[in-house]
Amino acid sequence: MLVPLALDLAYRFMIRQRNNFLLFHFAVRVRLFLVSADSNFEFHKIELFKVHLPNEGETRVILLSVLKLRERVTTVLSGSGRSWDEAFRKVCSELAEIIRFKELLVDWRESRSGWAAAFDEEQAAQNSYKELVERDALLMHILIPMLKSYPKTPFVYKKGKNIQLVKLQSVDPGICVILAGINYGEGLPWILGFGSDWNEDKAVDKAVLECILFDESKEAFKMSEYEERLSCLKNHLNQSSGGIVRDNLNSIFSGDGDLMVNLQFNRDQFKRDDVAKVGSRWTVKGSHPYLLSLKFCELWNEEKEDKIRLIESRGFEVQKWILHPFL
1 MLVPLALDLA
11 YRFMIRQRNN
21 FLLFHFAVRV
31 RLFLVSADSN
41 FEFHKIELFK
51 VHLPNEGETR
61 VILLSVLKLR
71 ERVTTVLSGS
81 GRSWDEAFRK
91 VCSELAEIIR
101 FKELLVDWRE
111 SRSGWAAAFD
121 EEQAAQNSYK
131 ELVERDALLM
141 HILIPMLKSY
151 PKTPFVYKKG
161 KNIQLVKLQS
171 VDPGICVILA
181 GINYGEGLPW
191 ILGFGSDWNE
201 DKAVDKAVLE
211 CILFDESKEA
221 FKMSEYEERL
231 SCLKNHLNQS
241 SGGIVRDNLN
251 SIFSGDGDLM
261 VNLQFNRDQF
271 KRDDVAKVGS
281 RWTVKGSHPY
291 LLSLKFCELW
301 NEEKEDKIRL
311 IESRGFEVQK
321 WILHPFL
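The sequence shown maps to residues 1 to 327 in the working numbering.
To be clear, the hints were calculated from the coordinates, so they are not data collected in a lab. It cannot be assumed that every hint is accurate.
[Unchecked claim] The calculated lysine-lysine pairs, modelled on DSS-like cross-linking and capped at a C-alpha distance of 30 Å, are: (1) LYS307 / LYS295; (2) LYS158 / LYS45; (3) LYS304 / LYS277; (4) LYS148 / LYS167; (5) LYS45 / LYS277; (6) LYS68 / LYS50.
[What the hints assert, rightly or not] Quick list of simulated restraints, FRET-style, between CB atoms: (7) ASP38 / THR153: 43 to 51 Å; (8) GLU216 / GLU298: 27 to 35 Å; (9) GLY187 / LEU323: 16 to 24 Å; (10) GLU305 / LEU23: 47 to 55 Å.
Quick reminder that beta carbons are idealized off the backbone N, C-alpha and C, glycines included.
Build the full structure now, drawing on both the sequences and the hints.
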């Protein structure tokens, strides 16, 4: 009895020591990246864990939080991959996005829709375009809940939680957009995740991972020192506890709608508004004149008429405008 127990304890110690080494290793690399990017951020905290995704299987995830100097406000970001190194490369790409976003002093109410980073400028531009199409699809379905959606087999997450999955229509049929959600019941907010890709399996995994990360980090939304953007996301989530937002989400996930998007969409009108080199990454801020964009607070309502006109140009009618929760 003692030998198996001793072996088990030794194995656990080795795993713990390995994780401690990885934490130290990546903490050093983050600091080096911040120096190379000449940023106004400093390292705060890093966490490592694993999740199981529907198609990719076991996936490594790195959660990183950094502090903006002088403001002392924490920004949280994540990266994932089949290996720890791939996850680290992705988390540094997101960090590059945030650094450039802050360098330009962009109003946080604009959101980071259309921002992307990669080692290659063309890849960053592709990622930027995919995210714009993803946000457009989500907003279009939320505002027009009778658009046809395509429910998929739910993914059983740990503790018996079901992550519901639904494929949304997008204006670019070459890009698959997936919405994932955990429904905790009436009076409690939906936990949502979004994913888009040229490949449907990859889009599903992205949406499921984002949903899991939101679910696992619910406690972070209760902390006052996190940036205003997180507080805004918290209010968006709380808005799904009841009323029109919850009704619309229920309709989307159940596939009740029958309206179809029939649009001649020109992908070539995508433009790169800002291109920069941040450390070893290229960042791209993209836009498209005929895509809905996510805005926060007053900006969401100030652009109401423009968004309604854009939806009407697609042959749809907004029955009820959803007010931003901060207003």
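Against the structure, the hints come out as follows:
1. LYS307 / LYS295: holds, 11 Å
2. LYS158 / LYS45: holds, 25 Å
3. LYS304 / LYS277: violated, 34 Å
4. LYS148 / LYS167: holds, 9 Å
5. LYS45 / LYS277: holds, 25 Å
6. LYS68 / LYS50: holds, 28 Å
7. ASP38 / THR153: 43 to 51 Å: Roughly 47 Å apart at Cβ, these two residues keep to the hinted range, so it holds.
8. GLU216 / GLU298: 27 to 35 Å: For GLU216 and GLU298 the Cβ distance comes to about 31 Å; the hint holds.
9. GLY187 / LEU323: 16 to 24 Å: Given range 16 to 24 Å: holds, Cβ gap about 20 Å.
10. GLU305 / LEU23: 47 to 55 Å: Since GLU305 and LEU23 have Cβ atoms about 50 Å apart, the given range 47 to 55 Å holds.
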